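Given these sequences and hints, build the entire structure.
Chains as they are written, first to last, in my numbering: chain A, 11 to 140; chain B, 11 to 140.
20 Å max Cα-Cα, derived EDC-like pairs, lysine to aspartate or glutamate: (1) K118(B) x E100(A); (2) K36(A) x E72(B); (3) K127(B) x E72(B); (4) K124(A) x E100(B); (5) K61(A) x E97(B); (6) K89(B) x E97(A); (7) K36(A) x E100(A); (8) K120(B) x E97(A); (9) K89(A) x E72(B); (10) K19(B) x D60(B); (11) K120(A) x E97(B); (12) K137(A) x E97(A); (13) K101(B) x D121(A).
Residues from chain B that keep clear of chain A, each with C-beta distances beyond 10 Å, as calculated: (14) K47; (15) D60; (16) I65; (17) C99.
Some chain B residues judged to face chain A by a derived CB distance under 10 Å, without partners named: (18) A92; (19) E97; (20) L110; (21) L130.
To be clear, the hints were calculated from the coordinates, so they are not data collected in a lab. From a predicted model like this one, the values you see are computed outputs, not experimental measurements. The beta-carbon is built from N, C-alpha and C at its ideal position, and this holds for glycine as well.
2 protein chains.
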Amino acid sequence: MDKMQNLSKNQQIIFDLIDKSSEPMKAYSILHNVQKKGIKAPLQVYRALDKLVEIGKIHKIESRNAFIACHNSSCQVSKATAFSICEICEKVTEISSASLSKYLTNFKDKDGMKYSKYNLEFFGLCKKCR
Amino acid sequence: MDKMQNLSKNQQIIFDLIDKSSEPMKAYSILHNVQKKGIKAPLQVYRALDKLVEIGKIHKIESRNAFIACHNSSCQVSKATAFSICEICEKVTEISSASLSKYLTNFKDKDGMKYSKYNLEFFGLCKKCR
DNA sequence: TACATAGTGTTATATTATAACAATTTAAAT
DNA sequence: ATTTAAATTGTTATAATATAACACTATGTA
Numbered sequence: 011m012d013k014m015q016n017l018s019k020n021q022q023i024i025f026d027l028i029d030k031s032s033e034p035m036k037a038y039s040i041l042h043n044v045q046k047k048g049i050k051a052p053l054q055v056y057r058a059l060d061k062l063v064e065i066g067k068i069h070k071i072e073s074r075n076a077f078i079a080c081h082n083s084s085c086q087v088s089k090a091t092a093f094s095i096c097e098i099c100e101k102v103t104e105i106s107s108a109s110l111s112k113y114l115t116n117f118k119d120k121d122g123m124k125y126s127k128y129n130l131e132f133f134g135l136c137k138k139c140r
Numbered sequence: 011m012d013k014m015q016n017l018s019k020n021q022q023i024i025f026d027l028i029d030k031s032s033e034p035m036k037a038y039s040i041l042h043n044v045q046k047k048g049i050k051a052p053l054q055v056y057r058a059l060d061k062l063v064e065i066g067k068i069h070k071i072e073s074r075n076a077f078i079a080c081h082n083s084s085c086q087v088s089k090a091t092a093f094s095i096c097e098i099c100e101k102v103t104e105i106s107s108a109s110l111s112k113y114l115t116n117f118k119d120k121d122g123m124k125y126s127k128y129n130l131e132f133f134g135l136c137k138k139c140r
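Rendered as structure tokens:
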């Protein structure tokens with residue numbers, strides 16, 4: 011229920027690293043950064059990443075194969091995510107818009123079907139790069 | 011300007027294959043399927059895929075690393091895409107909703123920024139799998 | 001013609017991710 | 001406290017996805 015639930019050792023190490031990062035981090039970059047802490051193999055990283063995504067502490071930026079910490083206190087799990095991505099500097103920001111999430115959560119396709127989950131990635135130029 | 015523009019030999023072979031497929035196709039599955047037509051190396055496939063995505067004849071399903079033909083006559087280029095993905099059978103459908111594309115194209119984040127491009131993936135269960 | 005652009009073919013390699021198996025830790029339930 | 005189940009860890013190997021670099025060929029067009 012609470013995002014402060016205990017993480018395992020590897021999960022905590024990897025979450026801390028991603029959380030401190032100002033940019034999305036890639037799995038093998040994470041690996042290089044945590045080898046000094048005893049995490050030696052890709053699988054150790056991927057397992058922690060899978061779990062952290064599952065519980066909503068981090069999100070995967072699918073178009074970049076990279077991971078960022080969740081900064082949206084209302085998302086316990088990664089089921090309704092939206093990001094803006096700068097095509098020049100690759101800065102990624104999580105979008106927290108109540109109207110957007112409401113619109114997408116309630117969206118029905120032409121068969122009247124609603125979806126339990128979505129991921130939205132916007133692309134453009136960030137303030138600095140414009 | 012027109013989607014009927016001429017494709018190169020490899021592009022046409024690969025587009026035809028994807029277009030005939032009822033499911034998203036992965037790059038190496040495409041490769042296996044076109045080896046009899048003389049396309050032998052991954053790079054030949056990826057180059058054709060890159061171009062086909064660029065001109066909007068196909069789209070990449072980012073969460074699945076797979077490609078489907080565009081069936082939305084209004085999208086010359088892959089700049090505003092939305093898909094539904096069944097989490098059981100992996101069926102993928104391109105969503106063509108004028109109101110959705112209007113909403114997302116006009117969406118402004120809290121800094122008032124609009125985006126030139128987006129990709130949205132909805133997840134749930136399709137009719138058959140419910 | 002000559003020039004630029006796009007496409008092709010090829011080998012090698014980089015990057016991203018999972019399979020399979022064994023051991024250990026943790027939490028909870030008895 | 002003890003057993004049990006679930007989660008986590010460690011490890012080696014390998015699968016799957018994607019790009020670098022280089023040489024050559026085709027196509028359009030000035």
